[in-house]
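Start from the sequences and build out the full structure, keeping to the hints where you can.
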Amino acid sequence: MEVEVVDDGEFALIEAACLQAEQNINRSSPEKKPKRPRFLPGSLASVPPAPPLPFLIYRGKTTYCREVAQIDRAAAFLLAIEKPLGFDVEWHVTYETGKPPRPIALMQFCVVDPSIYTPDGSPPYHCFLLHINRKSKNNENNNFTFTPALSPRLLELLTSETVRKAGIGIHGDSLQVERDYGIKMKGLIDLSEAANARLCPSSSSSSSSSLPSSTKGVVPVVQAPQKWSMTALAENLMRKTVRKSQHIRCSDWEQDPLTAEQQSYAATDAWVSLQLHEILSSMPITWRPATATIGEGSGSGRVESSGAHAHGSFSISNNGNSIKLKKECIPACKELAALQPAKFTVLQQHYQGIEVLEIATQRQIQASTVQSYLAEAIIAGYAYNWDRLSVADEVLALAAVVAEEAGVTLLPPLEAVEYKPSRDILNELLEARNIKIRALFEEMQIKIPGLGFGDLRLAFAHLGRVHQNL
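What the sequence shown shows, in my numbering, is residues 8 to 477, in sequence order.
There could be a bad hint or two in this list.
[Claimed, not checked] Below are the BS3-like pairs computed for lysine-lysine, each with C-alpha atoms no more than 27 angstroms apart in a straight line: (1) Lys191 <-> Lys234; (2) Lys142 <-> Lys234; (3) Lys193 <-> Lys234; (4) Lys251 <-> Lys142; (5) Lys191 <-> Lys142; (6) Lys191 <-> Lys247; (7) Lys106 <-> Lys142; (8) Lys68 <-> Lys251; (9) Lys106 <-> Lys90; (10) Lys234 <-> Lys247; (11) Lys247 <-> Lys90.
Don't read these hints as lab results, they were simulated from the structure.
This is the structure we're talking about:
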């Protein structure tokens with residue numbers, strides 16, 4: 008293959024010709040403008056991270072009680088002072104499969120103690136740590152024994168309706184107290200429920216100018232009730248955060264004595280609970296359920312009637328008596344059973360006028376689960392709107408007939424009906440006929456094809472409130 012060799016002179020001529028051609032092309036083409044720098048819109052521009060929030064650490068007076076006599080004196084003081092209490096409990100988490108959880112080991116209370124002098128005029132907080140279940144070593148066999156320390160005054164304090172106890176998830180804590188020690192707590196204020204009642208907007212508050220605010224910061228507004236944690240409430244209402252150490256939270260709360268870190272952790276939780284209660288109590292309730300209102304300072308988070316009246320009624324027959332049931336607003340019973348937080352959240356959404364299917368979509372659960380939660384709330388004695396549950400009249404009528412055939416009397420005695428508790432008609436029926444709920448459901452499906460299990464539960468739950476529906 009032959010290669011043509013170009014000398015330097017010829018190469019210079021070729022290079023000059025190429026340069027001339029390029030200049031001619033540039034003259035014929037329009038002049039290009041320099042590119043302008045591009046900027047992201049403000050909404051897409053990177054936002055500098057917010058500075059970390061300061062930690063809440065309790066530095067007030069702490070009284071750690073281990074003996075029964077000490078616990079009794081502390082409880083007597085809290086009863087006598089008659090002020091709201093911040094409340095929390097701790098127990099030893101063991102993570103042992105197949106074993107029941109350990110009983111509550113520590114109860115912590117926080118109160119504003121007027122006998123304490125504070126130079127700066129800040130509230131004189133006083134935390135009491137009651138070590139009610141601690142272990143001690145048996146020197147004979149080198150094993151640990153547990154010494155529950157429940158005093159008479161502590162029992163009185165836990166069951167007092169006048170001494171209010173505020174905490175996050177306090178209904179769940181009260182169930183644990185009842186499970187472990189057989190004590191049914193009263194005078195409870197769930198801070199998550201109180202926050203939802205004050206942070207959820209009402210239908211009339213559409214502008215941000217009408218939103219509430221606390222003295223510690225700007226209060227956010229949530230579109231639907233939610234399960235608040237202590238950390239989330241503290242960050243939103245106080246602009247501070249709570250140090251939740253997994254190492255301390257899951258430590259051995261039965262050891263005797265507790266470490267300084269454990270005591271500080273426990274006291275801080277009760278102290279923050281009391282501060283959150285003080286802030287929420289100073290704020291107005293921003294939404295009112297269509298059928299009921301959250302009672303101010305209601306001991307068990309109870310729902311009280313707002314005085315709404317039904318616009319229609321529905322008659323059923325029971326034991327030869329015609330019973331006319333209201334179809335709309337059913338007020339709460341005088342005594343309410345505890346309701347788990349998830350179920351209470353669904354109930355609050357029901358109060359906001361949200362239909363069952365929409366609640367299921369928002370909570371990402373089945374509609375039948377929503378219906379079951381609401382049925383349990385009805386049986387527990389809470390207020391509700393029957394029309395909004397969209398249960399067909401024929402389902403309610405059939406449930407009444409089935410109850411009558413089983414000998415379950417729906418019509419209440421002649422005494423004052425407003426003091427009667429709610430009844431679990433479905434459970435009474437199953438016991439009377441000695442059958443399983445699945446068999447009853449299949450039997451009723453024959454008479455009403457397509458009957459939903461949730462509709463069945465709601466119908467029987469509604470019949471259990473006959474004494475309020477007359």
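We went through each hint and held it up to the structure:
1. Pair hint Lys191 plus Lys234 holds up; C-alpha atoms about 23 angstroms apart against a cutoff of 27 angstroms.
2. Under the criterion of a C-alpha separation no larger than 27 angstroms, the hint pairing Lys142 with Lys234 is inconsistent with the structure, at around 34 angstroms.
3. Taken as a hint, the Lys193 and Lys234 pair is honoured in the structure, with Cα atoms around 21 angstroms apart against an allowance of 27 angstroms.
4. Our distance criterion of 27 angstroms between C-alpha atoms is met by Lys251 and Lys142, whose separation comes to about 25 angstroms.
5. For the hint linking Lys191 to Lys142, the alpha-carbon distance of about 25 angstroms falls within 27 angstroms, and the restraint holds.
6. For a cut-off of 27 angstroms, the pair hint linking Lys191 to Lys247 is broken: about 33 angstroms separates their Cα positions.
7. Of the pairs offered as hints, the one joining Lys106 and Lys142 holds, with about 18 angstroms between alpha carbons and a cut-off of 27 angstroms not exceeded.
8. Restraint check for Lys68 and Lys251: the C-alpha separation of about 21 angstroms stays at or below 27 angstroms, so the hint holds.
9. With a CA separation close to 38 angstroms, the supplied pair Lys106 and Lys90 exceeds the 27 angstroms bound.
10. Distance check on the hinted pair: Lys234 and Lys247 sit about 19 angstroms apart at the alpha-carbon level, within 27 angstroms; holds.
11. At roughly 25 angstroms between alpha-carbon atoms, Lys247 and Lys90 fall within 27 angstroms of each other, so this suggested pair holds.
Violated hints, in rising order: 2, 6 and 9; the structure is consistent with all others.
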